[in-house]
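**Q** Build the full structure now, drawing on both the sequences and the hints.
Counting along the sequence shown from 1, when you hit position 17 you're at 1284 in the numbering used here, and nothing is skipped either side.
No lab work stands behind these hints: they were computed from the structure. Each residue gets a CB set at the ideal place from its N, CA and C atoms; glycine is no exception. Hints should not be assumed to be uniformly reliable.
The calculated label-pair distances, taken between Cβ atoms and stated as ranges, are [said to hold, decoys possible]:
no., residue 1, residue 2, range
1, 1274, 1457, 46 to 52 Å
2, 1310, 1462, 30 to 36 Å
3, 1315, 1365, 18 to 24 Å
Here are the simulated BS3-like pairs of lysine-lysine, each with C-alpha atoms no more than 27 Å apart in a straight line [as the list claims (entries may be wrong)]:
no., residue 1, residue 2
4, 1458, 1343
5, 1361, 1439
6, 1427, 1353
7, 1361, 1427
8, 1427, 1458
9, 1353, 1439
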Amino acid sequence: FLKQGMGPDEVASLEAEQMIPFNEVGTNYPWNGCKCVASAVMLFVSQVDTASKIEAIRPVSRSLGGIRIPITNDLKMVRDPYILSKMFSQANKKSNEGICTSILVNTTDVEVMRNPGTLFKSRPGTFAHCFVMTVSQAGVYILHGYGPRGYTLLQHMQSKSSKYPLSFDQAKEWVETFELYASDRRGIWTKEVNQAYRNCFDVDLVALGCMRIGSQLDAYTTVNSLEFNASIVRENFDLLPQKRSSRRNKKPCRDGILAAEKHPPSKYIPDGGVRHYYIPEILRCGHCGKIPSNNGAPHKRCVR
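**A** So this is what it looks like as C-alpha cells:
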C-alpha cells in the first residue's frame, strides 16, 4: 500500500483481494507465523496514521530496518537480562491509572543471524520468537502464533480461553520463566531452558528436533511498547478493506489446517540447533551496570 502511495484510510475503501490475492497473502504471510501475528496485533493497537503503523511493526520487519543485532562489542554492553521485567513493571504501574500497554517482544538467535550456515538450505530450527503482551486493568494477555508446526493466534486464544486474562502475579511469573531462556548467559540449551520455553509457548523444541540439549544458545531480546485504548482498536477495525461482494472459486479458511498437520511442510528443515562452541560474552548488565561473576551465573534480579 505504501508503494502505491496509499494511506490507511484509503485501504478501507477497497474490497478484500483488490490489491493482493488472498492466496498470496496466505502463502507469504502465514497466519501461524509469529512475526505476522505480532505485526497484526501491533497494527490494531497503533494510531491510524501511516507513520505510526510503520513504527509499530518496524522492530519485527527487516524491510523497515528492524531485526538488527548490535555489533559484537556493543552487544556485550547492552544486553539487559531483565528487560521484559522492567517493561512489564512499568506497564503494570500504568494499568493502575487506567492505561493499556502493548509490549512487542522479539528474541533473536544471534548465532543464526550472524552465521546462517552453509550446510543447510534454511535455518528455521531455532528458538527465535516474537509475541505481544498486553497489560491493562482487565489483566494480561500473551498474543502470538507459532508456526509452521505450532498454532495460529486463533488456536492459541481458544486453548487459553479458560486461563486468560492472567493476573498480574501470574504474568510476573510468566515473565520470569521467559527470562530463564531469553537472558541465559551460559550459552547452552539445557533441559531447564527447554522446559522454560515449553512452559511459555507450549512448544518442546527438543522433541520437535529444532534444538538439542547442548546446542548453542545466544539470545538477544528487545522490547517496544505502545499505549492504546478501545477507541484506537475500533478505529483500526474501520480501516479494514470491505468484504468482497462477489468471489469466484471460494476456498475455505485454512486457519489452523497446516498447524494441525502431523507432518511439517516439505520445506521445513530443522537443523538441530548449532553446536556449542562459545559462551556469549557479556561485560555488564545492560540494566543496572553490574559486572557479572566469572562463573556465568545470573546476578540477583535487579528489576522487581
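**Q** Determine for every hint whether it applies to the structure shown.
**A** Each hint tested on the structure:
1. 1274 <-> 1457: 46 to 52 Å: holds (49 Å)
2. 1310 <-> 1462: 30 to 36 Å: holds (33 Å)
3. 1315 <-> 1365: 18 to 24 Å: With a Cβ separation near 21 Å, residue 1315 and residue 1365 satisfy 18 to 24 Å, so the hint holds.
4. 1458 <-> 1343: Judged against 27 Å, a Cα distance of about 25 Å means the pair holds.
5. 1361 <-> 1439: Status holds; Cα separation ~15 Å.
6. 1427 <-> 1353: Since the Cα atoms of residue 1427 and residue 1353 sit roughly 25 Å apart, the hinted pair holds (cutoff 27 Å).
7. 1361 <-> 1427: holds (25 Å)
8. 1427 <-> 1458: Roughly 25 Å separates the two Cα atoms, so the pair holds.
9. 1353 <-> 1439: Holds, at about 11 Å.
This entry satisfies every hint, going by the numbered hints stated previously.
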